[in-house]
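In terms of the numbering used here, the sequence shown opens at residue 33 and continues consecutively.
Quick caveat, the hints were computed from the structure, so don't treat them as lab data. Please note that the accuracy of each hint is not assured.
Below, in silico cross-link-like pairs of lysine to any residue (SDA-like), each with a Cα-Cα straight-line distance of 20 Å or less [claimed, not checked]: (1) 269 x 184; (2) 195 x 166; (3) 303 x 285.
Simulated DEER-style distance windows between Cβ atoms [as the list claims (entries may be wrong)]: (4) 51 x 240: 28 to 36 Å; (5) 149 x 333: 31 to 39 Å; (6) 300 x 335: 18 to 26 Å.
No experiment lies behind these values; they were computed from the predicted model shown. In this text, a Cβ means the ideal position worked out from N, Cα and C, and glycines have one as well.
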Amino acid sequence: MKIDPQILEKYFKGDCTAEEAAMAEAWLEQPETPEVDDWFGQMYALSQPVKIKKTGNRIYRRLYSIAAAVAVLLGVCAWLWQSRLQTAGKAPLAFNWDTLSNKSNDIKLLSLTDGSKVWLGPHSSVAYANNYNDTSRELSLNGEAYFEVAHNPQRPFSVRTGKLVTTALGTAFNISTANLADGHIQVSLVEGKVSVIAASFSCILHPGQMVQYGENQKTAVPAVFKAKEVLDWKYGKLVFDGMPLKDVFAKLQTRLGCRIIMDSTVSGTRKVSGVFSAGESLENILEAIQYVHGFKIVRLSSNTYEIK
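Can you make the complete structure from the sequences, with help from the hints?
This is the structure in structure tokens:
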């Protein structure tokens, strides 16, 4: 299926007709094809910095015009957000943001004004603009959350996590920022389709796929994820299915708001399998894992443990 690029540009800008919106959505929802990949590849190529040669006070007008055209295109294409990535965490935004924090071990369900729902994981926080849904739908996440996005093709739904931006039209996906020992962000898609964009790469996820991204990573390839491990928290469980010990401890720190220090003599690659209730005490979980792997648990404070 082919589509006029101008229709896509109008679609992301919110200026298309109902018929054009239907065409754009049908094109975006089709399975991965060379045409879809080429279009996103072209958009990503345009997002790269344009070098403008300068001699004294003269700037070559031709290159300046190209740079301006690229800036305009990026401004209307909600799937790219490169300009936002370059300033994320550095310059204050033009509007105020409100933050909702979940400091408990429970799950908080948030209902947004557009009808979207957010299941906010334990010890996580989400920020949103006070004009959310007026002109855009943009959130910022620290921790873990599951999103069910209300369909609105004129206002794509975006979640910023560090230098990574995940954008959807109407879908369900999970994002975690601290469940892995290496600190990688993980985006997992349950329903629909999302684009995931960083400064150095972009990709599209289909249901059952996830992508992991680290701060200095140059590229990322979608892979299949274990739903029972990724979505366990949403159903009040802690599930480990052959998970490396170092990632188990990282996940426990995120879910239970504790600190676990692992001695260098303990192998973090040991595999752990088990299912626990999310309400299970940390001591019981650690003791169950200790029974299998034989390490020593030292309690340093009320919520800090050392594994030797």
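* **Outcome for the supplied range 28 to 36 Å, where the beta carbon pair is residue 51 and residue 240** => holds (31 Å)
* Quickly compare the C-alpha distance for residue 269 and residue 184 to 20 Å and report which way the hint goes. => Between residue 269 and residue 184 the Cα gap is close to 32 Å, so the pair fails against 20 Å, i.e. violated.
* If you draw a straight line from the CA of residue 303 to the CA of residue 285, is it 20 Å or shorter? -> Holds, at about 18 Å.
* Asked: That 18 to 26 Å hint for residue 300 and residue 335 (C-beta), does it hold up?
  -> holds (21 Å)
* 20 Å limit on alpha-carbon distance, applied to hinted pair residue 195 and residue 166 -> Violated, because 24 Å separates the two Cα atoms, which is more than 20 Å.
* Asked: Does the Cβ distance between residue 149 and residue 333 fall inside 31 to 39 Å?
  -> holds (36 Å)
The structure shown violates the earlier hints numbered 1, 2.
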